[in-house]
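A.B. asks: Here's the letter readout for the chains.
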Amino acid sequence: DAGVTQSPTHLIKTRGQHVTLRCSPISGHKSVSWYQQVLGQGPQFIFQYYEKEERGRGNFPDRFSARQFPNYSSELNVNALLLGDSALYLCASSLVAPGGTEAFFGQGTRLTVV
Amino acid sequence: GQNIDQPTEMTATEGAIVQINCTYQTSGFNGLFWYQQHAGEAPTFLSYNVLDGLEEKGRFSSFLSRSKGYSYLLLKELQMKDSASYLCAVRDDTNAGKSTFGDGTTLTVKP
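Residue numbers (our numbering), protein chains in the order written: chain X, 2 to 115; chain S, 4 to 114.
Just so you know, the hints here were simulated from the structure itself, not pulled from any lab data. Take these hints with a grain of salt, some might be off.
Chain S regions said to be covered by chain X (calculated; three or more residues, Cβ under 8 Å) [claimed, not checked]:
hint, region
1, 39-49
2, 57-66
3, 103-110
Label-pair restraints from in silico Cβ distances [what the hints assert, rightly or not]:
hint, chain 1, residue 1, chain 2, residue 2, range
4, X, P62, S, L77, 34 to 42 Å
5, S, G18, X, P62, 22 to 30 Å
6, S, E17, X, E52, 43 to 51 Å
7, S, G31, X, S74, 24 to 32 Å
8, S, P10, X, R111, 24 to 32 Å
9, S, G18, X, D63, 33 to 41 Å
10, S, G31, X, L83, 28 to 36 Å
11, S, Q22, X, G41, 32 to 40 Å
12, X, N80, S, A19, 44 to 52 Å
13, S, L77, X, G17, 44 to 52 Å
Covered, in the sense of this in silico footprint (three residues per stretch, anywhere, with C-beta under 8 Å from a C-beta of chain S), are these stretches of chain X [to be verified]:
hint, region
14, 11-24
15, 79-85
Glycine included, C-beta positions come from ideal geometry on N, C-alpha and C.
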């Protein structure tokens with residue numbers, strides 16, 4: 002069975018540009034969460050979507066947005082990129098929310114902003 | 004606010020036992036997770052505690068005391084491949100898709 006898949010795996014962007022990251026959850030999982038992990042730190046929660054609706058938002062600026070599609074895949078969009086946005090972006094899927102089971106993480110997208 | 008503390012680094016010897024502690028102060032609680040993360044890879048699930056006590060899974064055990072805001076991950080019969088970062092995470096009680104993570108404990112296993 003396929004796990005959580007994210008694309009692309011690596012990306013280099015210039016300051017001010019826009020980026021779209023994609024995530025396909027495990028088949029049957031309806032909840033997708035996005036995390037940002039800066040080197041040396043733990044993942045920080047950005048968004049959670051369940052049944053195509055935003056169910057939670059972390060402390061990130063409005064430059065960050067996301068959506069979930071009818072097939073439960075998800076996109077994370079970041080506008081006006083800053084150097085500080087360089088990080089590993091992780092997508093996690095879980096079966097249900099709230100009160101669901103553990104989250105399974107994708108391999109992440111390594112974003113470098115230059 | 005949310006605050007999760009765990010040691011930054013630990014070193015142990017192959018074959019030994021190591022305990023990684025985690026203390027938390029969070030506004031809500033709906034379970035505590037431990038994840039293993041090798042360098043450059045995604046976190047992988049190790050254990051989940053929502054009630055007080057010890058959960059054992061092979062070489063790995065995890066303990067929770069909700070009244071003390073404390074958990075530990077116990078790794079037995081350490082192997083070289085156990086060298087990794089170990090992340091403690093608390094799940095929000097109103098949004099199961101949101102977890103607050105600690106910054107991780109980097110464990111180095113030496114021969």
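A.B. asks: Is 34 to 42 Å right for how far apart the beta carbons of X:P62 and S:L77 are?
C.D. replies: Hint holds: Cβ distance 40 Å, inside 34 to 42 Å.
A.B. asks: Can you let me know if the beta-carbon spacing of S:G18 and X:P62 is within 22 to 30 Å?
C.D. replies: Between S:G18 and X:P62, where Cβ atoms are some 48 Å apart, the hint is violated.
A.B. asks: Please count how many residues of the region 103-110 of chain S have a CB within 8 Å of a CB from chain X and say whether that reaches 3.
C.D. replies: holds (count 5)
A.B. asks: Between S:L77 and X:G17, is the Cβ distance one that fits in 44 to 52 Å?
C.D. replies: holds (48 Å)
A.B. asks: Honestly, do S:E17 and X:E52 meet the 43 to 51 Å range at C-beta?
C.D. replies: Distance hint for S:E17, X:E52 holds at roughly 47 Å.
A.B. asks: Taking beta carbons only, do three or more residues of the region 57-66 of chain S come closer than 8 Å to chain X?
C.D. replies: violated (count 0)
A.B. asks: So does S:G31 sit 24 to 32 Å from X:S74, Cβ to Cβ?
C.D. replies: holds (29 Å)
A.B. asks: Against chain S, does the region 79-85 of chain X show at least 3 residues with beta-carbon separation below 8 Å?
C.D. replies: violated (count 0)
A.B. asks: Between the region 39-49 of chain S and chain X, are there enough contacts, at least three residues with CB-CB distance under 8 Å, for the coverage claim to hold?
C.D. replies: Since 5 is at least three, the answer is holds.
A.B. asks: Check whether three or more residues of the region 11-24 of chain X sit with their beta carbon closer than 8 Å to a beta carbon of chain S.
C.D. replies: Not satisfied, violated; 0 residues make the cut.
A.B. asks: Could one say that the CB atoms of S:Q22 and X:G41 fall in the range 32 to 40 Å?
C.D. replies: violated (22 Å)
A.B. asks: Should the hint that X:N80 and S:A19 are 44 to 52 Å apart at their CB atoms be regarded as holding?
C.D. replies: holds (49 Å)
In summary, the numbered hints that this structure violates are 2, 5, 9, 11, 14 and 15.
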